[in-house]
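Participant: From first to last, the protein sequence lines stand for chains A and B.
Note that UniProt numbering has the first sequence beginning at 1, numbered continuously upward.
Note that UniProt numbering has the second sequence beginning at 1, numbered continuously upward.
The set of hints was computed from the structure by calculation and includes no laboratory data.
Glycine residues also receive a C-beta, built at the ideal position from the N, C-alpha and C atoms.
Some chain B residues judged to face chain A by a derived CB distance under 10 Å, without partners named: (1) L68; (2) R71; (3) K119; (4) F160; (5) D203.
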Amino acid sequence: MKIHKYDTVIVGAGGAGMRAAIEATKRSRTAVLTKLYPTRSHTGAAQGGMAAALANVEEDNWEWHTFDTVKGGDYLVDQDAAEILAKEAIDAVLDLEKMGLPFNRTKDGTIDQRRFGGHSRNHGEAPVRRSCYAADRTGHMILQTLYQNCVKEGVEFFNEFYVLDQLITEVDGVKKSAGVVAYELATGEIHVFQAKSVIYASGGTGKFFKVTSNAHTLTGDGQAACFRRGLPLEDMEFFQFHPTGIWRMGILLTEGARGEGGILRNKDGERFMEKYAPVMKDLASRDVVSRSIYTEIREGRGCGPEGDHVYLDLTHLPPEQLDAKLPDITEFARTYLGIEPYTDPIPIQPTAHYAMGGIPTNVQGEVLADNDTVVPGLYAAGEVACVSVHGANRLGTNSLLDINVFGRRAGIAAAEYAQKADYVELPENPAEFVAQQVEQLRNSTGSERVAELRRELQETMDANVMVFRTEQTIKTAVEKIAELRERYKNVSVQDKGKRFNTDLLEAIELGNLLDLAEVMAVSALARKESRGGHYREDYPNRDDVNFMRHTMAYREVDSDGKDSIRLDYKPVVQTRYQPMERKY
Amino acid sequence: MSTATLDKPGSGSQQDASPYITVVFRIRRFNPEVSDEATWQDFQVEIDPKERVLDGLHKIKWDLDGSLTFRRSCAHGICGSDAMRINGKNRLACKTLIKDINPHKPITVEPIKGLTVLKDLVVDMDPFFQAYRDVMPFLITKGNEPTRERLQSAEDRERFDDTTKCILCAACTSSCPVFWNDGQYFGPAAIVNAHRFIFDSRDEAGEQRLEILNDKDGVWRCRTTFNCTDACPRGIEVTKAIQEVKRALITRRF
Ligand SMILES: Cc1cc2nc3c(=O)[nH]c(=O)nc-3n(C[C@H](O)[C@H](O)[C@H](O)COP(=O)(O)OP(=O)(O)OC[C@H]3O[C@@H](n4cnc5c(N)ncnc54)[C@H](O)[C@@H]3O)c2cc1C
Ligand code: SF4
Ligand code: FES
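Taking the hints into account, I'd like the entire structure generated from these sequences.
Facilitator: Laid out in structure tokens, this is it:
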């Protein structure tokens, strides 16, 4: 075991982690621990764009953007945070441009903007061009640009270090962050990082679903590490299902495709979104479009022999436009489906995409231990966190924005905290939990296999807690997850070595997924209403009287070591907007 | 090789009963904890030929041999984790469909060449990223920053579009015979990333970058074998980018 000491430790080197690192490195001695090489992070997969009311191509302002964000989130958004997001968006985009990001340009040489779902002029009048983009690889360009600037600033990275535990020490009755424990992939060695402040920027958890746009490595490690240490997770029942994943594979085809004029059609060739969202049509918010697709499929208007998908039709768009604006996704269709999007519609289905919930923070990125107490020295930003700017449903292009705005904020706040704080004493035997976990998995002779448990988990999640949910389906999922968690105790790995033991790490990642799936299902069961991404067929309406509040889930362990989940609730921050019915 | 029949898209054969076929993966294994020698190992996998080579590797890892080790993340050609030598050619495992590489013969999978193998298909990427960092891969400007964005015409933006696509997968560099023989050579990927800034109208450090690439281990080592362009999974015209850098060095115009 090795012990390191830094002022600030950042967990994750995606957009949020690197944006934080650029700030933190200027202000404090900073280490970035990341399980992937920074440029491998899933921010690189983002396609469509980053929202900011630059008003480069038509009238726009940050207040309209705030409204759309609040409405898009079905009013579960904390409105103070949404205001910050929309206001700071403009500088966030300009900062990236100054760092070198090659945005697409208008005729005048300014940053070009395009339409995206849920973003509107003057509180829902008509779609507005707010998304700043670099072809359909905006996330790639953000990730590259931030990495380039990390190289410039001399950010210190520990690549292929997996953070597996959060260290918390109680000082005078206050829980404080003391550091993290990481496992080095190359050697199998365990490292303790003592740090005055820690920022989680470890991304999403999509891999508990089968059909997903998320990378294999998005297993919610950060959420799981904090949760296990008694910290809450907020709004975990809210998961976004993006309407246009490649049929069966889940690979994303950006909403920008519809922003450029693409149309969804059922087996009769009908533009069905006109029925469900007369104004915004194909650009209604994602939860609405995903449900509409499944309604078409359920009512027998799906395409293909099994009627299990619909089409994304780009054939009426000029090939030059597709080449210039959507080169990557048209290539995905060619590579993975053998389909030529110039002439043929692309089969799609909703794909599990984005975790609205996560580690609760305030607008400085400080992690909350309950509804109002912060954990000194602990921060989170990006998809791992829940500020909450996305509420019950995130608008497209608001996450690339979130990681930049709140990544920057967390980086500054954490480093400034580290400048004046002292180190918190490490718990006795700080590496104990990770060492035991690793040893136990390595030595286990149990009969359960990681891949099999993961398959069963993903199947139950897809079948029971996806776009449509009911009391019964969620209960089925809760029971199945409990069974899988029990069987997980008996899991073993084949690779017993120390070097690059990805077999072992997949087992650990599965443990995290199981814990988080349970939180999601239990939170969903208790929310007896429909709001944003959480749709209960047995409670199809939004219920502001009982459920206009954030879910806060806590791990409880009783004296026999048996664990359970306790749910609590947190009020939503409302400033200017009163909840209204959401129509597109 | 030529006798195998590949699926032709739209040939109507999709309706046939089971899409699964048996494919042999012949994989270069190396684990220094077990032995100093690398060996070939065959695995038989039932797989739909429309699946990716990465799906095949996962089937092996998940159902047959958990110790098989490779890097991967996004699974759709965007993160650059899984460049490997598949049937002797550098490709991304997640972007290569089995039907496209003759599944009726064993499919060979080896680590990319020229970088130290650490375990199975995992190589040491540090020298590769070091070369990248050496070309100062970040925008350098002088004077005061404007309050709004810097202006750039659509044409100026287009000028370096191709080289912004790079995902740093190393398929190009590790397919380059010059790099195999001499690891000191910057390699195509670093030059591609220098190109991305040299030809960006906003950047003001082109001269400095050109000087770096004028070094004995710089662009002049390139022998224009086009391996890199063939290997690039992002379709970047790597050789052309290198040529443009060479020309800029001679004319000092970019
Ligand atoms: C296909 C796709 C397209 C998208 N398109 C858009 C879009 O157009 N616009 C938009 O706004 N949003 C989009 N999104 C959403 C957005 O891209 C993501 O939410 C966002 O990029 C997440 O960034 P992040 O920095 O939080 O996490 P990530 O980029 O996922 O980074 C996570 C980091 O954490 C590290 N990490 C994870 N676990 C550990 C651990 N245990 N120890 C150490 N390190 C760890 C990883 O190595 C990685 O560096 C898209 C998402 C997907 C999947
Ligand atoms: S130029 Fe192409 S092959 Fe080379 S590293 Fe970049 S993406 Fe990979
Ligand atoms: S796994 Fe990301 S490029 Fe292949």
